[in-house]
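Visitor: Chain A is already provided as a structure; the job is to place chain B with the ligand on it using the hints.
Line by line, the protein sequences are chains A and B. Position in the first sequence counted from 1, then plus 88, gives you my numbering. Position in the second sequence counted from 1, then plus 114, gives you my numbering.
Derived from the structure by calculation, the hints contain no laboratory data. Backbone N, C-alpha and C define an ideal beta-carbon position, used for all residues, glycine too. It is possible that some hints are incorrect.
Chain A regions said to be covered by chain B (calculated; three or more residues, Cβ under 8 angstroms) [what the hints assert, rightly or not]:
1) 439 to 448
2) 451 to 460
3) 464 to 472
4) 496 to 509
Which stretches of chain B does chain A cover? Using the computed rule of at least three CB atoms under 8 angstroms from a CB of chain A, they are [unchecked claim]:
5) 300 to 314
6) 317 to 325
7) 524 to 534
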Amino acid sequence: MSIWARRQILKSAALLGGAGALLRGTKASAQDHSHMDMGSMTMAPKPAPAKPAPMATRMKAAAPVTPPRPPRLVPGTDRPATITLNSGTLNGGTLPFVMKDGVKEFHLTAHEFEQEFAPGFKVKVWGYNGSTPGPTIEAVEGDRVRILVTNRLPEATSIHWHGILLPSGMDGVAGLSAPPIPPGETWAYEFTLRQHGTQMYHPHYDEMVQMAVGMMGMFVIHPKDAAIGPVDRDYTMMLHAWAIHPGTSRPDPAVMLEHDTWTINGRVFPAVEHLVVKTGERVRLRIGNVSMHEHPMHIHGHHMWVTGTDGGMIPEGARWPETTIQVPVGTTRTVEFVADNPGDWAFHCHKGHHAMNTMGHDIPNFLGVDQRDVARDMAKQLPGYMPMGEGGMGDMGAMAGMMPGPANTPPMMTGTGPYGALDMGGMVTVIKVRDEVAADYRDPGWYKAPKGTMAWKVG
Amino acid sequence: MLVRTLARVALLAAVAGCASVPPEAGFPDVQRQVADRLPPPLAQRVAWKRGDADDQAAAQAVKDLLSHPLTADGAVQVALLNNSGLQATYEDLGVAQADLVQAGLLRNPLLSLATEFPTRGDGPPKLEFSVVANFLDLLWIPARRRVAAERFEQVKLATSAQIIDLAADTRAAYIRHRAALENARAQAQATMAEQAAYDLMGRLAQAGNVSERRLATEQAALEEARVDQAEAEGETVATRETLARLMGLSGDEGAWSVDGTLPDLPPHEPDRAMVETAVVTGNLSLAASRRAVAAKAESLGLAGADSLWSESALGVGGERETDRSLVLGPAFQLPLPLFDQGQPAAAKAVAEYRQEARRVMQTAVDLRSQAREAYDRLARARDLATRYHDTVIPLQERLVRLGMAEYNFMLTSPFEVMAARQARITAYRRYIAAVRDYWLADGDLIRLAGGRQIPTTTQPGGPS
Ligand SMILES: [Cu+2]
Numbered sequence: 089m090s091i092w093a094r095r096q097i098l099k100s101a102a103l104l105g106g107a108g109a110l111l112r113g114t115k116a117s118a119q120d121h122s123h124m125d126m127g128s129m130t131m132a133p134k135p136a137p138a139k140p141a142p143m144a145t146r147m148k149a150a151a152p153v154t155p156p157r158p159p160r161l162v163p164g165t166d167r168p169a170t171i172t173l174n175s176g177t178l179n180g181g182t183l184p185f186v187m188k189d190g191v192k193e194f195h196l197t198a199h200e201f202e203q204e205f206a207p208g209f210k211v212k213v214w215g216y217n218g219s220t221p222g223p224t225i226e227a228v229e230g231d232r233v234r235i236l237v238t239n240r241l242p243e244a245t246s247i248h249w250h251g252i253l254l255p256s257g258m259d260g261v262a263g264l265s266a267p268p269i270p271p272g273e274t275w276a277y278e279f280t281l282r283q284h285g286t287q288m289y290h291p292h293y294d295e296m297v298q299m300a301v302g303m304m305g306m307f308v309i310h311p312k313d314a315a316i317g318p319v320d321r322d323y324t325m326m327l328h329a330w331a332i333h334p335g336t337s338r339p340d341p342a343v344m345l346e347h348d349t350w351t352i353n354g355r356v357f358p359a360v361e362h363l364v365v366k367t368g369e370r371v372r373l374r375i376g377n378v379s380m381h382e383h384p385m386h387i388h389g390h391h392m393w394v395t396g397t398d399g400g401m402i403p404e405g406a407r408w409p410e411t412t413i414q415v416p417v418g419t420t421r422t423v424e425f426v427a428d429n430p431g432d433w434a435f436h437c438h439k440g441h442h443a444m445n446t447m448g449h450d451i452p453n454f455l456g457v458d459q460r461d462v463a464r465d466m467a468k469q470l471p472g473y474m475p476m477g478e479g480g481m482g483d484m485g486a487m488a489g490m491m492p493g494p495a496n497t498p499p500m501m502t503g504t505g506p507y508g509a510l511d512m513g514g515m516v517t518v519i520k521v522r523d524e525v526a527a528d529y530r531d532p533g534w535y536k537a538p539k540g541t542m543a544w545k546v547g
Numbered sequence: 115m116l117v118r119t120l121a122r123v124a125l126l127a128a129v130a131g132c133a134s135v136p137p138e139a140g141f142p143d144v145q146r147q148v149a150d151r152l153p154p155p156l157a158q159r160v161a162w163k164r165g166d167a168d169d170q171a172a173a174q175a176v177k178d179l180l181s182h183p184l185t186a187d188g189a190v191q192v193a194l195l196n197n198s199g200l201q202a203t204y205e206d207l208g209v210a211q212a213d214l215v216q217a218g219l220l221r222n223p224l225l226s227l228a229t230e231f232p233t234r235g236d237g238p239p240k241l242e243f244s245v246v247a248n249f250l251d252l253l254w255i256p257a258r259r260r261v262a263a264e265r266f267e268q269v270k271l272a273t274s275a276q277i278i279d280l281a282a283d284t285r286a287a288y289i290r291h292r293a294a295l296e297n298a299r300a301q302a303q304a305t306m307a308e309q310a311a312y313d314l315m316g317r318l319a320q321a322g323n324v325s326e327r328r329l330a331t332e333q334a335a336l337e338e339a340r341v342d343q344a345e346a347e348g349e350t351v352a353t354r355e356t357l358a359r360l361m362g363l364s365g366d367e368g369a370w371s372v373d374g375t376l377p378d379l380p381p382h383e384p385d386r387a388m389v390e391t392a393v394v395t396g397n398l399s400l401a402a403s404r405r406a407v408a409a410k411a412e413s414l415g416l417a418g419a420d421s422l423w424s425e426s427a428l429g430v431g432g433e434r435e436t437d438r439s440l441v442l443g444p445a446f447q448l449p450l451p452l453f454d455q456g457q458p459a460a461a462k463a464v465a466e467y468r469q470e471a472r473r474v475m476q477t478a479v480d481l482r483s484q485a486r487e488a489y490d491r492l493a494r495a496r497d498l499a500t501r502y503h504d505t506v507i508p509l510q511e512r513l514v515r516l517g518m519a520e521y522n523f524m525l526t527s528p529f530e531v532m533a534a535r536q537a538r539i540t541a542y543r544r545y546i547a548a549v550r551d552y553w554l555a556d557g558d559l560i561r562l563a564g565g566r567q568i569p570t571t572t573q574p575g576g577p578s
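Looking at chain A on its own, in the form it has when it is part of the complex:
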């Protein structure tokens, strides 16, 4: 086990704190985790019976780890099956549970913390167990689940289990289904999962504010029948829109449409983790959206089939192919594709301004404006003044590193690829399809186009 992994575990153990102990009914012990071999995770080893709460220990350790990814979904077990992007550096990933009298008991703690949306871009958010979106809850159709919710927010909250069929009193609409959870209290939601599919969870108390500052998560229910829709790589991602005004660090919940920060699982490009896939593998993307905008997510180099919504799976004959899947507000979309085209493929929201970071809306339109001489006079008054935007904003990515920007603000366009500046930000990632991938699916680096398969200069 690497020092890095150990540190992550220690960190996650510290983050969970009392919640972790509560989960296991024992004192959290970092040493226990450090004995674990990360490589064995996929094998779901039977722990020694002498160890207390072995299952919790195993589940707990699974949460913070990026590599390795499960090579194959094993439904119907208590083992996490999906890959939550960006879970590696946080206490995200899949939420651990303990079995209590045949009930899978999960524990979510709602609280405020700081999350780095990109290196140096720190945001004060509300979320669950130290991440936004909160850890993915995974269970299996037919499970009885109990979710303890501890409220460490300055106001009441509740959790609505979006799209899950359950008794009315468990639906989490504060004041309608049940009272809200006051600060400092822990309440339990308990129900039996009668369905399978991709659902979500989010507050239904002051939801405008609480969702604007990051309270949300995915709830994946695997089918009881493991033979239903097996895939090789199963990714969950939540899209979100934030109003983090330049130079600030707290999302502004009063903004309804003029959002400026667009995230996949609480990260902006290029900090969004890449998807590493082996050629020929079947890939599932479960995409959730509780932001105030719809997001047309576009895949390059492949066609994908829409296989499900938060209303359930689409019968095979009714599925349809897309290159852009519209993920409306307040739904999930599940798509699948076979990665049969090696290369580096962009996967991004097709709204131009969602594929970039903050840009001012009240700036003059400099397109086509010749600033020669004038720029020199401007620079005499404003040191460092450089004309920009005359020929478009494409040079912004290259300029981003050269000129100072406001504190805690990612450049509008950034990122560097093998052939130069990537000029993107926000809701963008890369699907890396390779004939050969390492056992732990680690990042293979940039794709090298075989001779004769890359655009060339003609004139």
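Guide: Okay, now just chain B with the ligand, sitting in the frame of chain A:
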């Protein structure tokens, strides 16, 4: 015989009283008085131009000073050597000195001659004659001399006060001029900034990206900046002419310029507790007034007697009869205090004395109040200048930097950053005004204290 003897006595007395009027007329005393009241190099250069060789040296010194950019001290020096108004004041010294000499002289004896011709016969005419002198003058002369001496001292002090005033006026005019130059420079920067913004907006308009209204708005801002600049430049000319007048420059020395920048605030403030004492002890006008009171006091004893006895005289008179026989005898003349027994004159003197004394008190009250007010202006100007220097200007500069950081990331308009730049220039202009006001208040305090620096506190900034 007796006539000759009397004449000789009278002559002796006259000679005793009559010293020749010294040409320097107390000017060395004035030079001594202001020696520690002007900055060291200047004290040597208070000169009374009386058409001698020294005038040439003074003229040369002025010429030398004007050939280089003037410092504040240099401007004061030129004024002290070249201001004709001040030179005219020096003549007061001559007047007072002459009065003093006059006061020491006995009144000239009076010779009276009368001839009476016989109406019958051809006998020789009868001659009556007398020589009388106001013998009581011998008693009054010392007192009268004391009065005149006081008056002379008073004039010397008043002259010194004029020197200090001129130095202070010149220094203040210099500060105003320097501040006006600095202000005009800053305003020129503001105009350049507006010009750049307008030009940029013009390019945006050319490209079809902004409306005519937006461009016209920018033009209006530019025009306003130009007006402000014209005003600022006018102020530099006005302040320069004020300074030129004080330096007594007639126009052919027009090429002079001033040096450097407005001096920074000094680290130490005059001690507030010392201000009023320094002013009351140092102020020359007040000292002159005190002398005036002293002079009045001296003349108090004189007044009644003087009016009563000024007509008394003692002498010798005689007659040559028609038979040519000579009769000779003492002559005596005395006013009879039947109606005027001297009280009105004495009362008048007492009233004048009291008047003078009251005026001194009022002057002291005024000076103390002016000193407090000047100190308050000084402290406020320092607070303001310090706030602009330490807080506001760095803040505006930070706003420009922060604005540029946002502009770099295409988050804000360069016109907004330019507005911050303009605010920084405005803040600098206000800082200049505050520094100017500080030095003006400082100059006022020094002027009130008769040119002497007021001891400073050890605490920078002092109480405020
Ligand atoms: Cu989008």
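Visitor: All the hints need checking, so say for each whether the structure fits it.
Guide: Cross-check of the supplied hints:
{"no.": "1", "hint": "439 to 448", "result": "holds (count 3)"}
{"no.": "2", "hint": "451 to 460", "result": "holds (count 9)"}
{"no.": "3", "hint": "464 to 472", "result": "holds (count 7)"}
{"no.": "4", "hint": "496 to 509", "result": "holds (count 3)"}
{"no.": "5", "hint": "300 to 314", "result": "holds (count 8)"}
{"no.": "6", "hint": "317 to 325", "result": "holds (count 7)"}
{"no.": "7", "hint": "524 to 534", "result": "holds (count 8)"}
In summary, this structure violates none of the numbered hints.
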